[in-house]
Structures are given as C-alpha cells and as structure tokens.
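Trainee: Please put together the full structure from these sequences, using the hints given.
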Amino acid sequence: MKILSVFGTRPEAVKMAPIVRLLANTAGVESRVCVTAQHRQMLDQVLNLFEIRPHYDLDLMRDDQSLAQLSANIFTHLDPVIEDFRPDWV
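The sequence shown runs 1 to 90 under the numbering used here.
Since the hints were derived computationally from the structure, they do not count as laboratory data.
Warning: the hint list may mix true and false statements.
As the list claims (entries may be wrong) - Just the calculated beta-carbon pair ranges, DEER-fashion:
no.	residue 1	residue 2	range
1	21	62	27 to 33 Å
2	69	24	16 to 22 Å
3	2	48	23 to 29 Å
4	1	72	16 to 22 Å
Said to hold, decoys possible - Simulated crosslink set (DMTMM-like; lysine to aspartate or glutamate; CA at most 20 Å straight-line):
no.	residue 1	residue 2
5	2	57
6	2	84
7	2	88
8	2	79
9	15	83
10	2	30
11	2	83
12	15	51
13	15	44
The C-beta atom is built at its ideal place from N, Cα and C for all residues, glycine as well.
Mentor: Okay, structure coming up:
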C-alpha cells in the first residue's frame with residue numbers, strides 16, 4: 001500500500017509526525033511525505049526535530065498570496081506528485 005502524507009504548517013507537522021513515523025515502520029506500506037511549506041522556517045524546525053525528510057517540497061508560500069491562490073497552487077502542484085508516486089491513500 002502506498003500512502004502520501006501532505007502538510008505545510010508547523011501545527012500540521014507536529015500532529016503528523018507520529019503518523020509519518022508509524023507509516024515508515026509499517027511492513028507493506030510505502031510512505032512518502034509532501035510539504036507545501038506554508039510556514040517555511042517554522043515547518044523546517046519541526047521537520048528537523050522529528051527527523052522527517054520530505055520526498056516532495058512544493059515551497060508554495062508567496063508574499064501577498066490569498067487563501068484562494070494558495071489553495072489553487074496546492075492542487076496544481078500536487079497533481080504531478082500524485083502522478084509520480086501514485087498513492088493508494090493521500
């Protein structure tokens with residue numbers, strides 16, 4: 001089974017870290033991590049703390065970007081990731 005975990009903020013990373021670790025240590029599961037990097041510096045601190053190395057980094061945060069623009073960019077940039085990995089679950 002292939003599972004893609006996607007997150008982009010520090011609170012999301014803190015909540016997902018135990019799940020990412022569990023998936024990485026589960027037999028029969030191929031797990032990958034994709035970050036949107038909405039809060040780059042804060043996200044990187046948590047990733048380093050939990051020793052999580054994303055397989056995909058969309059690096060989407062831009063100055064003066066609306067929530068609608070960010071949401072559209074996430075889906076647009078996530079499509080090639082899904083095509084590449086072809087996860088069973090996201």
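Trainee: Could you run down the list of hints and mark each one as holding or not?
Mentor: Going through the hints against the structure:
1. 21 - 62: 27 to 33 Å: Given a distance of about 31 Å, which is inside 27 to 33 Å, the answer is holds.
2. 69 - 24: 16 to 22 Å: violated, 33 Å
3. 2 - 48: 23 to 29 Å: Roughly 25 Å apart at Cβ, these two residues keep to the hinted range, so it holds.
4. 1 - 72: 16 to 22 Å: violated, 29 Å
5. 2 - 57: holds, 18 Å
6. 2 - 84: holds, 12 Å
7. 2 - 88: holds, 5 Å
8. 2 - 79: Cα-Cα ~16 Å, so holds.
9. 15 - 83: violated, 26 Å
10. 2 - 30: holds, 5 Å
11. 2 - 83: holds, 13 Å
12. 15 - 51: With a Cα-Cα distance of about 14 Å, the restraint between residue 15 and residue 51 holds, given a limit of 20 Å.
13. 15 - 44: Roughly 14 Å separates the two Cα atoms, so the pair holds.
When each numbered hint is compared with the structure, violations occur for hints 2, 4, 9.
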